[in-house]
Amino acid sequence: MAKEKLKKIEDLRRLREKLIEQRAAKKSWVIISSGTCGLARGSGKVIQAFKDVVKKYNLEDKINLRITGCHGFCQAEPNVVISPEGIFYQRIKPEDAEEIVVETVLKRKIIPRLLYVDPQSGERIVYKKDIPFYKKQRRLLLENNLMIDPKNINDYLAIGGYEALSKVFAGMSSEEVIEEIKKSGLRGRGGAGFPTGKKWEACRRAKGDIKYVICNADEGDPGAYMDRSLLEGNPHSILEGMLIGAYAIGASEGFIYVRDEYPLAVENVTIAINQAKEYGLLGKNILGSGFNFEIKINRGAGAFVCGEETALMASIEGRKGEPRQRPPFPAQKGLWGKPTNINNVETWANVPLIISKGADWYSRIGTDKSKGTKIFSLVGKINNTGLVEIPIGMTLREIIYEIGGGIPDNKKFKAVQTGGPSGGCIPKELLDLPVDYETLTKAGSIMGSGGMIVMDEDTCMVDVAKYFLNFLREESCGKCLSCREGIQRMYEIVTDISEGKGKEGDIELLEKLANVVKDASMCGLGQTGANPVLSTIRYFRDEYEAHIKYKRCPAAVCKEIIQYSIDEEKCTGCMACIKACPQGAITGEKKKPHKIDQSKCIKCGVCSEICKFDAIMVE
Amino acid sequence: MITLTINGLDVEVEEGTTILEAAKFLGIEIPTLCYNEGLTPYGACRLCIVEIGTGENTKLVSSCTYPAEEGLVVRTHSKRVVNARKMLVELMLARCPGSKTIQDLASKMGITKVRFKVRNDDCILCGLCVRMCKEQMDAKAIGFVNRGYMREVTTPFRLKSDVCRTCGACMYICPACQMRCQGPEPPTVVCNGCLNLSPPCLEIYEDKMCYMDPCVACLKKEAEEEIEKRK
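Residue numbers (this note's numbering), protein chains in the order written: chain U, 1 to 619; chain L, 1001 to 1231.
Calculated from the structure, these hints are not laboratory results.
Take the hints with a grain of salt, since some may be wrong.
[What the hints assert, rightly or not] When the alpha-carbon atoms are kept at most 25 Å apart in a straight line, the in silico BS3-like pairs for lysine-lysine are as follows: (1) 1059/L <-> 333/U; (2) 512/U <-> 1113/L; (3) 151/U <-> 27/U; (4) 320/U <-> 1113/L; (5) 1134/L <-> 198/U.
Produce the complete structure using the sequences and hints provided.
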């Protein structure tokens, strides 16, 4: 359908009214979550099944299917929300589609089998708003993912999209926009937490006829996918944020630097840009304001270090993604030497919200120094895996136990890792810490872009440090000697420790080396790369010592120093482990205790998983 | 003109001057490895780090790439800086113990042991050759490939380069190619032959004219034996 160009703010208002009216006429919506995570769990087939059912019963006029981005509750994927009541069905299979349409959509009857069961109370919960995972959140950004089909700009317009832009064009000067953002207290969501308004102001004041804005969507932390969800589910909010930012700064060109590993995000953003262009919301003389703006997509090749702003710009310019010394800062000399403002996806997505609802409203959310909400991806050993959006300042305990639903299988909580490879591990003693930029930094971690990995008692902290060091030694650009050699050497030392080859003095050497890596490296990657090691030593020194002094892994994780054996009293001789062992290392007769041949055992742990009698011992 | 303070001394420099150049102007020596006057500063070896700022708000930056700023307070040899530099040289030594340049740096800084596994690599990845080839020889025959611990200098696709004129400039500027003298006990990681900068050979050969500067103690063992014999 060809779209008519919107020439004035008035045109946009009229179009919105029309769209809202059209949508009000339709009564029931079936909202299917289909982000990358949903697709991975089979939402593609679910969508097709719903389409077939609607066709079969000739319900095209009565039922509206909305295929949206991620709903945030990964655990329940693929899930379906039936509006207007907000009935929540989880883990839908294609065969459920017919039943849902016939029973719930047409007869308004609940299907108990598909409801979410609270792991703590065992209760079945009907409505989305009552699910503990959603209840405690403050979903200012993520909730919109349910309201719109990301491939359809009209959905975004109908919920008030591009209203903030109209407001800016209707009567705000660039300075006023910057002032509003400054007043809101918005800080960079990429992790460092630099005040966004200040950043914009610096770029606004920098001399230069050409200026650029960049959206940093090079999300690379293991286990973090906040930006992906926003790009996939609500790409226009980012475009609108960038439009407002560009207007405030005086830029006429923008770039979205997104990982090519996010094909759906690339696809949805590309569609969004094209649709915005068709309406004239991107291009020349936008809404008759005289302001011109274009956005281009740059696909990153998947180097973690390209999330660092100077490396990212080098990559856009077509050079090797290597950070450089700041100053000059991007606001002074950025892309192709021109003043450039670069913000994270989530930061941009917050901008339209602040402009339309006002800085005063926004600054009431959060703490003294950190305003607004922050999205975290809550993963690891946690009951409710998913994306959570919370007002900054909520405690870790609330996030993990009330939203996350605690640790599965009645295990004990050990630590939570925030900030990805640049962050650190926070132990259970500090669970009541409020989550904000300053507090987490003081605790030896960082807020980061929003990764939150929960670890239970079965996690070995030396192993965790080793994992992140291995990630970093591969992902450091390798320019700074301190970062490249330092991280490699830390990895070697920690590997030795985990293999029982640690020596006395290793911990002290690690600490010294880590501090030099932190001090002497040029960019954020090196400066924070030692955090996983330093924080695990700080809070779990005894585990390191157990590995070094007693060659013992307390969590029984480090393969080289653990041994599997069979408790003769508990073993019933059921032979289950004998069949399961891939190495044929277990021998024994039926109804007699079995034995493990240590020379053949590869410590895969299959026997321990399969044994129903707890007879496999790990030491 | 910009005024900044280095080690308590005020110095006035032109805009665009780096901290390293300003320090040099004052006669303060800052150790470097990947720096060369004729090439663009790169900031890879981190040896030239200095501490900037005052109070609790100080940080370490590479002086070869950091521009002089008005009122900047710089310390080139604070405890934090010297300790970091020592660790950096130890890391270099563990990678390239065969380089005389690095051995000399180690001796100068009083590093007598290496706590990491020795690797005997022949490249320290300072990037001097890459910049030399690009900026002075205008050839761009070599560059960095891969990242992290896999990083290395090579030609595109590791094929013999069409644009290389085998001028040898890369070898000329390489600090790792310059092999260490074989010293008195070559198998050790740290030579430290130059720790003692007074030539030991004077005990035996009073008029010996040494061509090695600084002294590399080529005759240390021989001299010691001779002294022992004379006793």
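Which numbered hints fail: Going through the list in order, the structure violates hints 4, 5 and respects the others.
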